[in-house]
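Take the given structure of chain A and dock chain B to it, following the hints.
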Amino acid sequence: MRYIANTDADRRAMLAAVGLASLEELFADIPQAIEDCFQPLRLPAQSEMEVARNVQKLASFNEVHCGSISFLGGGIYDHYVPSVVSHITSRSEFYTAYTPYQPEVSQGTLTVMFEFQTLICELTGMEVANASMYDGATALAEGVLMADRIAGKRRIAVSRALFPNYRRVLDTYCWAAGIEVVELPITKNGQSDTAAILDGLSGLVIQSPNAFGVIEELEGLKGAAGEALLIVVTNPISLGLLAPPGQFGADIVVAEGQPLGLSPSFGGPLLGLFATRKRYLRQMPGRIAGQTVDAEGKIGYTMAAQTREQHIRRERATSNICTNSALCALAATVYLSSLGADGLQKLAQLNLEKAHYLAEQITALSGYELAFKAPFFNEFTVRVPADPEKICARLKEEGILVEDQRSLVDVGLAGALRFAVTEKRTSEELDHLVTVLGGIQ
Amino acid sequence: MSTIFDCERPEGIGGLFPAPDVPTKGQENLIPSSLLRELAPRIPCLSEPELVRHYTRLSKLNYGVDDGFYPLGSCTMKYNPKINEDLVRLPGFAQAHPLADEQLIQGCLKLLFEMSGLLSKVAGLADVTLQPAAGAHGELTGMFLVKRYFEDRGEENRKRILLPDSAHGTNPASAALSGFSVTEIPSGGDGMVNLAALEKALDETVAAIMLTVPNTLGIFEERILEVTDMVHAAGGLCYFDGANLNAFLGRACPGDMGADIFHFNLHKTLSTPHGGGGPGAGPVAVAEQLVQFLPVPRIVKEDETYRFDWNYPQSIGCVHSFYGNFGVILKAYAYLLHLGDEGLCAVSENAVLNANYLQERLKKTYRLPYDHLCKHEFVLSGKEIAEGISTFDIAKRLIDYGFHPPTIYFPLIVPEALMIEPTECEGKETLDRFIEAMEQIAVEAKEAPQLLHDAPQHAPVRRLDQTRAARQPMLSYPFNDSADQEDQTS
Numbered sequence: 001m002r003y004i005a006n007t008d009a010d011r012r013a014m015l016a017a018v019g020l021a022s023l024e025e026l027f028a029d030i031p032q033a034i035e036d037c038f039q040p041l042r043l044p045a046q047s048e049m050e051v052a053r054n055v056q057k058l059a060s061f062n063e064v065h066c067g068s069i070s071f072l073g074g075g076i077y078d079h080y081v082p083s084v085v086s087h088i089t090s091r092s093e094f095y096t097a098y099t100p101y102q103p104e105v106s107q108g109t110l111t112v113m114f115e116f117q118t119l120i121c122e123l124t125g126m127e128v129a130n131a132s133m134y135d136g137a138t139a140l141a142e143g144v145l146m147a148d149r150i151a152g153k154r155r156i157a158v159s160r161a162l163f164p165n166y167r168r169v170l171d172t173y174c175w176a177a178g179i180e181v182v183e184l185p186i187t188k189n190g191q192s193d194t195a196a197i198l199d200g201l202s203g204l205v206i207q208s209p210n211a212f213g214v215i216e217e218l219e220g221l222k223g224a225a226g227e228a229l230l231i232v233v234t235n236p237i238s239l240g241l242l243a244p245p246g247q248f249g250a251d252i253v254v255a256e257g258q259p260l261g262l263s264p265s266f267g268g269p270l271l272g273l274f275a276t277r278k279r280y281l282r283q284m285p286g287r288i289a290g291q292t293v294d295a296e297g298k299i300g301y302t303m304a305a306q307t308r309e310q311h312i313r314r315e316r317a318t319s320n321i322c323t324n325s326a327l328c329a330l331a332a333t334v335y336l337s338s339l340g341a342d343g344l345q346k347l348a349q350l351n352l353e354k355a356h357y358l359a360e361q362i363t364a365l366s367g368y369e370l371a372f373k374a375p376f377f378n379e380f381t382v383r384v385p386a387d388p389e390k391i392c393a394r395l396k397e398e399g400i401l402v403e404d405q406r407s408l409v410d411v412g413l414a415g416a417l418r419f420a421v422t423e424k425r426t427s428e429e430l431d432h433l434v435t436v437l438g439g440i441q
Numbered sequence: 001m002s003t004i005f006d007c008e009r010p011e012g013i014g015g016l017f018p019a020p021d022v023p024t025k026g027q028e029n030l031i032p033s034s035l036l037r038e039l040a041p042r043i044p045c046l047s048e049p050e051l052v053r054h055y056t057r058l059s060k061l062n063y064g065v066d067d068g069f070y071p072l073g074s075c076t077m078k079y080n081p082k083i084n085e086d087l088v089r090l091p092g093f094a095q096a097h098p099l100a101d102e103q104l105i106q107g108c109l110k111l112l113f114e115m116s117g118l119l120s121k122v123a124g125l126a127d128v129t130l131q132p133a134a135g136a137h138g139e140l141t142g143m144f145l146v147k148r149y150f151e152d153r154g155e156e157n158r159k160r161i162l163l164p165d166s167a168h169g170t171n172p173a174s175a176a177l178s179g180f181s182v183t184e185i186p187s188g189g190d191g192m193v194n195l196a197a198l199e200k201a202l203d204e205t206v207a208a209i210m211l212t213v214p215n216t217l218g219i220f221e222e223r224i225l226e227v228t229d230m231v232h233a234a235g236g237l238c239y240f241d242g243a244n245l246n247a248f249l250g251r252a253c254p255g256d257m258g259a260d261i262f263h264f265n266l267h268k269t270l271s272t273p274h275g276g277g278g279p280g281a282g283p284v285a286v287a288e289q290l291v292q293f294l295p296v297p298r299i300v301k302e303d304e305t306y307r308f309d310w311n312y313p314q315s316i317g318c319v320h321s322f323y324g325n326f327g328v329i330l331k332a333y334a335y336l337l338h339l340g341d342e343g344l345c346a347v348s349e350n351a352v353l354n355a356n357y358l359q360e361r362l363k364k365t366y367r368l369p370y371d372h373l374c375k376h377e378f379v380l381s382g383k384e385i386a387e388g389i390s391t392f393d394i395a396k397r398l399i400d401y402g403f404h405p406p407t408i409y410f411p412l413i414v415p416e417a418l419m420i421e422p423t424e425c426e427g428k429e430t431l432d433r434f435i436e437a438m439e440q441i442a443v444e445a446k447e448a449p450q451l452l453h454d455a456p457q458h459a460p461v462r463r464l465d466q467t468r469a470a471r472q473p474m475l476s477y478p479f480n481d482s483a484d485q486e487d488q489t490s
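Taken in sequence, the protein lines are chains A and B. Okay, so the first sequence: first residue is 1 according to my numbering, each after it adds one. Okay, so the second sequence: first residue is 1 according to my numbering, each after it adds one.
So here's chain A without its partners, still in its complex pose:
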């Protein structure tokens, strides 16, 4: 086996040193009854060349998809990833290290965590961010658990216009924790109906841009929620342009970080972003790096606020999270610092302009209209004049990918389709989509 360094002579010498006659004796403590039941996989070993060939063959089954023009979104977006990102994340000093338990030999990872936390605070307008969660949905679920630890009302309200996959994860976590989930309906504008907010909530969950692509009105929400913590789910690229949730008094901000330099990778690994207020630090889940000094007074970084964590507090920990998405956080950090604030703003503008151009072209077609009049960023929902499934099938024939209507039906809207437009879509591709839509009877 290529990944084993011992030679037969090494094994013989080591067996002799431990006083055993055979490798089998190393397993003498496993009860015979267990070994007798053992069934091998019946999997013959393959050479590296064969593995490469077989796995490449599987990848080739997806190639039609990858050669298509994608308008898929729903939390995962087809953004351009600068080349420098994967060159840095490919450095094995980063990707073959463990969680930085030994800070003196982990200053690379720890400094990146510190930079990442700073960038997430800047983007969201919040005071403290952790070093990442698994993904957007679990970041939200942990945010809700945290809000309930603080407010203790055992009930939260969630906008109907939350991504349905996030809602499903949230429902599972809340069921297990015994927290009731109530739903806020949607107004004619496609925004959450804040008039429906009740008292006695631990948290209020609003997504902006929401599952329809609509930007929510966050102003005044904090007051409307009473004692409840305001939890905002957002898209980090939109924050290059949009006012950060922190400005509207959000207590917890979570997001999917995939748009920040990660490939879609069939939905994982992803990057959960999590930020909050300093006063809630002790209730926050996840790893955090902090600045300190070494024995000579030199600046260095180490894991901070660890008394919240499972390895110290065990069943009283704020979360059970341990391994998170450190390498993805590195990708996001490199991505953001290769764009800078100015580049991020220009990128967000490019997304905004292209999405609005496409929306205008589509809605100029007979029978197509925006589902909602409210402002949107790079994703929007259109009511369509024919069966959405038929439209998707026709688009697929033309090499154009649009998500079927299931996600929208899940949030209460039938007969519509959602289009996500990133900087990668060219005007020719946008016009091609419009032409094909125009030709559908």
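Not one of these hints is a red herring.
Here are the simulated EDC-like pairs of lysine to aspartate or glutamate, each with C-alpha atoms no more than 20 Å apart in a straight line:
id, chain 1, residue 1, chain 2, residue 2
1, B, 25, A, 431
2, A, 57, B, 303
3, A, 298, B, 454
4, A, 373, B, 28
5, A, 57, B, 85
6, A, 298, B, 400
7, B, 121, A, 35
In case anyone wonders, no lab produced these hints; they're calculated from the structure.
Same frame as chain A, but now just chain B:
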């Protein structure tokens, strides 16, 4: 250490994206000004050479498996094959969107389907969910399954989870997040589960026991079948934490030991890198009676086509935004294909041989509280090595010898614990160098203790002030003055 915020330049650089190729209207005409950002985020922009040099420099301050011996107990820091890093970047996988039409992502679905089958067999259990994104996430999913199982049976009185006192901290945390209370079972003098203590703790309020096999001392529970029989007889379930699967890969299955639920750590046992703290993957395998509760969607095969199936009304729901960490699962899949049955056996043989060799040699110098044939790891105590010397000092001194320290102060039942896991990837020559360093450190502890107290001296930084980090937390870059911020208003 300087950060990107110390190399900030005032203006943007550009050059990444083309100019708009559609007629533009201006953001102020598309979005109400009340929704627009007034203050630009303070994100520095570096030229590409500056950026590359900054992160290359930072990378050199790290120590990874590619840098040297990394005997971090419980973490299985084995070599991460390079081919896997190439395969995950194939555009057919990297660009696959999770919401794409099922017909266009058959490669992804097939891979996930086959991987579920392989992992079910490795676990010796009926089925697997690939959704959990890490080991602790797998534990949490497992606890959700336990909860749903007893809800379904109308046994909601089962609210307790039993844990040996040697358990990982994630175990009690995962149990508590699912609304369970935790009862600790003291280990016996041999380091294994004390059957009398277990018997006493078992009653109709027990939902499950969470066991790590071999346990965190690296000892295989010789009475594992008695333990799982007792829990089953009392109506409880047996959850196995898979952190230590490397010890019996290719020779035994948790399912045959009485496990009802078992989580994998693909970033440990199946070689996907740890990434400095993730992403990992924590698939969960379950016995037949729990299959109906697994997360949705599941992947089914009809003729030669794969599709998602959401129709499991008893399911706990979802635990991930999509289907789990596909990219990580893919690497583990390639690793399994490469190893085959023969390779899996070779892994456990070499991992266990390496650990026993180190244990045998090191117990002559360091105290070995549980002297037993070990599996893939073992635990020494730094307690009596010399007056005034702690395990912490020994760990930091190992850095000066060019090694990553072992896991320290865990498990909690060994005072001044040093938990050492060599993995199968290390050769005898490396192990001998490590032994020599450990022996040398033991001598230094007595003759030149200051060397240990002052360690590390050959690392990028000296010992860090953890107390200061805890008492005066500085968790983001201290941008100096507010004037600075106003200058950047866009």
